Amino acid sequence: MTLATLVPLQSVAFALVALGAPAVVFTRDLRRLAVVNGFYGIALSLLFIVYGAPDVALSMIVVSGVAYPLVLLVAAARIQRRRGDE
Amino acid sequence: MTRRTRVAVASIALAGFAALLVWAFAGLPDFGSYRGPYGFVLDRIATPDRHIDNVVNATTYDIRGFDTMGEEFILFGAVLGVVLLLREEKDEDVGDAVHSDLVRAGGPLSLAVAFLVGLWIVAFGFVTPGGGFQGGVALASAVVMLFVAAGYRAWSAVGEETVLDPVEGLGAGGFVVVGLAGLASGLSFLGNFWRPGVAGTLTSGGSAPLVNWAAGIEVCAATLVLFTEFLGAYGVSLRKAQS
Amino acid sequence: MSFLPYAVAAWICVVGLYGIVASRNLVHLAVCLTVTQSSTYVLLLAIGYVRGGGPPIFKGVELGTTAVDPVVQALTLTDVVVSVTVVALIIALALDAHEESGTADPDQLAELSG
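Listed in order, the protein sequences are those of chains H, S and V. Read in my numbering, the first sequence has 13 at position 13, and its numbers run on one by one without any break. Read in my numbering, the second sequence has 176 at position 176, and its numbers run on one by one without any break. Read in my numbering, the third sequence has 100 at position 100, and its numbers run on one by one without any break.
Looking at chain H on its own, in the form it has when it is part of the complex (with noise of 0.2 Å):
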């Protein structure tokens, strides 16, 4: 990557992770987390790739695509009852 191309890419990848943060943070849903997380775990991947660190990106692709949801939906399952079913 020369750069020239490496620039732009950045500056897209560091503007992503800041909007993620706090769509993670806002919001409450356990479910919907889930998803949100997943997201900012792969705008953070795109972030490391583009730091020149491929073996960290693919760490938080695994990590953020299978564990978290796993365990944030089990979370969920437990705590937040679907609505409609008190």
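There's no promise every hint is true.
Heads up, simulated EDC-like pairs for lysine to aspartate or glutamate below, C-alpha to C-alpha not over 20 Å straight-line [to be verified]: (1) LYS59/V <-> GLU161/S; (2) LYS240/S <-> ASP79/V; (3) LYS240/S <-> GLU99/V.
Short derived list, chain S residues pointing at chain V, Cβ under 10 Å [as the list claims (entries may be wrong)]: (4) ALA24; (5) GLY39; (6) ILE52; (7) VAL55; (8) ARG64; (9) GLU72; (10) VAL127; (11) ALA184; (12) SER188; (13) PHE230.
Listing some non-contacts, in silico: residues in chain V with all C-beta distances to chain S over 10 Å [unchecked claim]: (14) LEU29; (15) LEU33; (16) GLN37; (17) SER101; (18) GLY102; (19) THR103; (20) LEU109.
What the hints contain is simulated information worked out from the structure, not anything from laboratory work. This structure is a prediction, so every number in the text was calculated from the model and none was measured. Backbone N, C-alpha and C define an ideal beta-carbon position, used for all residues, glycine too.
Given chain H, work out where chains S and V should sit, using these hints.
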């Protein structure tokens, strides 16, 4: 102190903290002007010395392997904590069934493909990006496809302690055994005691691939134990919702 | 332009901390903790970045080309995987608290006693 007061006070304090952070970061060197020296030294010597192409994994499993051993035991301890907290709530027979034919047909296929990809990521960790930690989580994600595609009863054949605990112990203990083997060969703990092979192939790195596989097996088994405990808790919640 | 990574790291850290303070649910609190943790990853990798450098992997690339720092990447990648289990432990504690007291709201949990 009510919640509203607490949030207002915290907002002011966080604004001050943000100002402090920005002031602290302004003293760092500019983005992109890394001064080294360890990074530059490692980039120059890791590949000629250990014949490992992926310098990040050479650092993780060979040159700074002791650090990784500490992280692995954090993993081990945290999973132990989860098991102790959620253990008594597991429920074996839950009445869930997978209704979609596409999921039931495509699930085992995706399990096989994902498992192979996970093995490849662990095995070729010293040549391409990858390695034990990432590949371990990828392997665990492949195995959890069994739950997604076939329901809880199929999963509980794999996700029980008599299967997973020995594997996890093999990974964690294997790490320490490889370290002690380094000691026994006259080097330091976790020293590289085999002849470094050809760079870019599976035989590169000397004895570091053993550490790599131990870490991969440990992470895979620990993540599967974690999934087992959480899916057991999910089973309890399904049973409660049905009753 | 050269201060952008540090600004983003500071922003994410503070946003995560605000989420922890203002959270109404223990599981949501744990996820905000991971957001704060991700700010440390952004900062670490920003420190190790070399302008014009590629990833520190030398397969097919001749030795001596500029590469970024591998040490911070080694720290970050083990941390990413380990933090899943630590956050799972925190969520397991939250589930246990919900079982014991019927609520997962930190404010209401603080009022219970005995």
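Honestly, which of those hints from before does the structure not fit?
The structure conflicts with hints 1, 2, 11, 12, although it agrees with all the remaining ones.
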